[in-house]
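Using the sequences and the hints given, assemble the complete structure.
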Amino acid sequence: MNIIEFKDIAFGYSDDKNVFKRLNFVLKEGEKVGIIGPNGSGKTTLLHLIVGILKPFKGEIKIFDKVRKSEKDFKEVRKKIGLVFQNPDDQLFSPTVAEDIAFGPLNLGKPREEIYKIIKDTLAALGLQGFENRITYRLSEGEKKLVAIGTILSMQPQVFLLDEPTTDLDERNRERIIDIIKGLSTSYIIASHDMDLLKKTTNTVYRLKDSGLNPISI
Amino acid sequence: MVKEKFSEGNSSIHKLDPRVKIITFFLFSMVVATSYKFPVIFISFLYPLSLILVSKVNLKEVLKSLLIVNAFILFLWIFLPFARGAVPWFNLGPLTVFKDGIEYATLITLKSNIIILSMITLIATSSVFSIVHALHHLHVPDKLIHLTFFTFRYAHVLYKECKKLTNAMKLRGFSPGTNIRTYRSYAYLIGNLILRSFDRAEMVYKAMVCRGFRGTFPLLYHFKMGEKDRVFLVLSLIYICFLAIGSWR
Chain A
314 MNIIEFKDIA FGYSDDKNVF KRLNFVLKEG EKVGIIGPNG SGKTTLLHLI
364 VGILKPFKGE IKIFDKVRKS EKDFKEVRKK IGLVFQNPDD QLFSPTVAED
414 IAFGPLNLGK PREEIYKIIK DTLAALGLQG FENRITYRLS EGEKKLVAIG
464 TILSMQPQVF LLDEPTTDLD ERNRERIIDI IKGLSTSYII ASHDMDLLKK
514 TTNTVYRLKD SGLNPISI
Chain B
70 MVKEKFSEGN SSIHKLDPRV KIITFFLFSM VVATSYKFPV IFISFLYPLS
120 LILVSKVNLK EVLKSLLIVN AFILFLWIFL PFARGAVPWF NLGPLTVFKD
170 GIEYATLITL KSNIIILSMI TLIATSSVFS IVHALHHLHV PDKLIHLTFF
220 TFRYAHVLYK ECKKLTNAMK LRGFSPGTNI RTYRSYAYLI GNLILRSFDR
270 AEMVYKAMVC RGFRGTFPLL YHFKMGEKDR VFLVLSLIYI CFLAIGSWR
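Quick mapping for you: the protein sequence lines, in order, are chains A and B.
Taken in order, the first sequence gives residues 314 to 531; the numbers are from the numbering used here.
Taken in order, the second sequence gives residues 70 to 318; the numbers are from the numbering used here.
It is worth saying that the hints were derived from the structure and are not from the lab.
Worth double-checking, as some hints may not be accurate.
Residues of chain B clear of chain A, computed beta-carbon distances all greater than 10 Å [what the hints assert, rightly or not]:
hint, residue
1, Ile92
2, Ile112
3, Leu128
4, Leu145
5, Pro157
6, Ile177
7, Lys232
8, Ala256
9, Lys293
10, Asp298
11, Ile314
12, Gly315
Here are the simulated DSS-like cross-link-like pairs (lysine-lysine), alpha carbons at most 27 Å apart as the crow flies [to be verified]:
hint, chain 1, residue 1, chain 2, residue 2
13, A, Lys385, B, Lys275
14, A, Lys522, A, Lys320
15, A, Lys320, B, Lys275
16, A, Lys320, A, Lys368
17, A, Lys393, A, Lys371
18, A, Lys334, B, Lys275
19, A, Lys375, B, Lys275
20, A, Lys371, A, Lys320
21, A, Lys433, A, Lys457
22, A, Lys457, B, Lys229
23, A, Lys457, B, Lys232
24, A, Lys423, B, Lys293
Owing to the predicted nature of the structure, the values given are computational and were not obtained by experimental measurement.
All C-beta atoms in this analysis are idealised placements derived from N, C-alpha and C, irrespective of residue type, glycine included.
Structure follows, in C-alpha cells:
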C-alpha cells in the first residue's frame, strides 16, 4: 500500500526558479527511505510538502489514499505523520522537557492520565530518564536533538520524517540517534548528507538532484 | 542574559500558588501607585520588607535590581524639584527649588521602590512559566500570554544569535568607533537579527502546526490552592484593604 504519493509536483520559493518541476515519489508501507542530496536541493522542502506546511504549485499529493489539498486535509495528515525539524530550537518551545513532549499528545486529545505514562516511556526510549523538569533551552545540543525526536515519538505517528537527524552531533549522540531510528517499527523518511547513517537505517536511498529523485545503490 | 535569578529557592513564598501571588501583587501595587499619603506609603513598605525576610532572596541581587530602577528615577530628581510646584523653598544659584517638587519626587521614588521590591519577592520568585500558566488560569487573553511567553523563550535564542554575530564581527577585526562604517555595521547586525527572528518565528510556528497546534496551549500541570495559599491571600487582602482605606479616607 502506498502511504505517500507525489505526482508531478512543482514547487519553488521564487517565481523564476523552481526547486521541483515534476517530482514523483512514492513511500510504501513499511518502507524506510533515505534522501541524500546537496544543500539547497530540496530535501527539507520535500518533507515540508508532505505535512502541508508548504503547498505545491502544481501536481497531486496523495497520502493514506486520499488526495490532500486543503489545510484541513493536512491537519489529518499531521496526526499520523510526524516531522522532526533539523534545528531543535525550532521544535522545542516549552519550558520543560515534559511539557514539550506532552504538547503533541495533548493536541491530539489524549487523556491526561495517559500523558504522564507517555512522557515517561518516551524519555526511557531516548535514554533520558529523569529529564522531565529540565529546562529545554538549557539542554546540550545533543540532548535537544534527542528531545526533539521525543516530541514526535510521543505522538506515536505512523510515519516519521527526520530532517538531518545527526548533523552537529558528536559520535556518541550520533550512535544513540541511529539506535533510536533503528528501533522504529514504522516507515520513515530521513533527509541527510550522512551516507553512513542512511546505510545503517534505510533500505532505499534516493539522490535528490536537479529536482528529480534517483534511487542509488547502498 | 535572561536569567531568573530569584526563582530558585525553597521558601514558603517560592512555594505559593502563582495565581495568589499575581492577584496580591496586582492589588498591592494598584493601591500603592494611587496613594498620595506619606504615612500609607511608609506602612506599605513593610509588606515587601517582610516578604524579603521570608523568601530569603539574595539581598545583593535585590539591591542590584533596585539600582537599575533608581538610575531612571535619578533623572526625575534632576528635573522635578525645579520644574514643578507653587511653593518656592530655597534658591540654588539661579534656580528655584520647589517644596512640592521635592515631595513629588520623593513620593515617586518610594512608590517605585516598593512596587519593584514586591515584584521581586512575589512575581520573580516564581518561574516565568508558572507565572504564564497562572495568567492563563486567571483568564488573561491568550494573545497577551503567548506574547509574553515567546518573548521570554526566544529572548534567550536571540541573545545567543546576537552574541554569535558580534563575535564573528570581532573575529574579523571589527572594533566600533564613531564613524559611518560602525553605524552601518550595527545596522546590518540589527537587520540581520530581525530577519533571523522572523525566520525563526515562522519555523517555530510551522513545527507547532506539525504537532497539531490549534491556537491554545494545553497545560500539562495544574495548580492546587492549598491552606497556606489561602492564609497568605486573606492576610494580604486585609493588609491591602487597610492601605486602601488609609489612602482614600
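Hints, verified against the model:
1. Every Cβ of chain A is farther than 10 Å from the Cβ of Ile92 (chain B); the closest lies at roughly 22 Å, confirming the non-interface assignment.
2. Every CB of chain A lies more than 10 Å from the CB of Ile112 (chain B), the least distance being 37 Å, so the non-interface label holds.
3. Under the 10 Å C-beta cut-off, the non-interface status given to Leu128 (chain B) relative to chain A holds; the minimum distance is some 25 Å.
4. The beta carbon of Leu145 (chain B) sits about 37 Å from the closest Cβ of chain A, which is more than 10 Å, so the claim that it is off the interface holds.
5. For Pro157 (chain B), the requirement that its beta carbon stay farther than 10 Å from each beta carbon of chain A is met, with the minimum near 55 Å.
6. The claim that Ile177 (chain B) lies off the interface holds: its Cβ sits roughly 35 Å from the closest Cβ of chain A, which is beyond the 10 Å cut-off.
7. Against chain A, the non-interface label of Lys232 (chain B) holds: every CB pair exceeds 10 Å, the least being about 14 Å.
8. Against the 10 Å criterion, Ala256 (chain B) stays outside the reach of chain A, whose nearest CB is about 25 Å from its own CB.
9. Here Lys293 (chain B) stays apart from chain A, with its beta-carbon at least about 14 Å from theirs, past the 10 Å limit.
10. The Cβ of Asp298 (chain B) sits about 21 Å from the closest Cβ of chain A, beyond the 10 Å cut-off, so the non-interface label holds.
11. Distance check for Ile314 (chain B) against chain A: the nearest CB is about 40 Å away, which clears 10 Å, and the non-interface claim stands.
12. Distance check for Gly315 (chain B) against chain A: the nearest CB is about 40 Å away, which clears 10 Å, and the non-interface claim stands.
13. Distance hint between Lys385 (chain A) and Lys275 (chain B) is fulfilled; the C-alpha atoms sit about 15 Å from each other, no more than 27 Å.
14. Pair hint Lys522 (chain A) plus Lys320 (chain A) holds up; C-alpha atoms about 17 Å apart against a cutoff of 27 Å.
15. Among the hinted pairs, Lys320 (chain A) with Lys275 (chain B) is consistent with the structure: their alpha-carbon atoms are about 24 Å apart, no more than 27 Å.
16. The suggested pairing of Lys320 (chain A) with Lys368 (chain A) holds, with an alpha-carbon distance near 13 Å, which does not exceed 27 Å.
17. For the hint pairing Lys393 (chain A) with Lys371 (chain A), the CA-to-CA distance comes to about 24 Å; that is within 27 Å, so the pair holds.
18. Between the alpha carbons of Lys334 (chain A) and Lys275 (chain B) the distance comes to roughly 24 Å, so the proposed pair stays at or under 27 Å and holds.
19. For the hint linking Lys375 (chain A) to Lys275 (chain B), the alpha-carbon distance of about 21 Å falls within 27 Å, and the restraint holds.
20. For the hint pairing Lys371 (chain A) with Lys320 (chain A), the CA-to-CA distance comes to about 9 Å; that is within 27 Å, so the pair holds.
21. Restraint check for Lys433 (chain A) and Lys457 (chain A): satisfied, since their Cα atoms lie roughly 17 Å apart, inside the 27 Å limit.
22. For a cut-off of 27 Å, the pair hint linking Lys457 (chain A) to Lys229 (chain B) stands: about 16 Å separates their Cα positions.
23. Between the alpha carbons of Lys457 (chain A) and Lys232 (chain B) the distance comes to roughly 20 Å, so the proposed pair stays at or under 27 Å and holds.
24. Straight-line distance between C-alpha atoms of Lys423 (chain A) and Lys293 (chain B) comes to about 22 Å, which keeps the hinted pair within the 27 Å bound.
Hint check: no violations occur; every hint is consistent with the structure.
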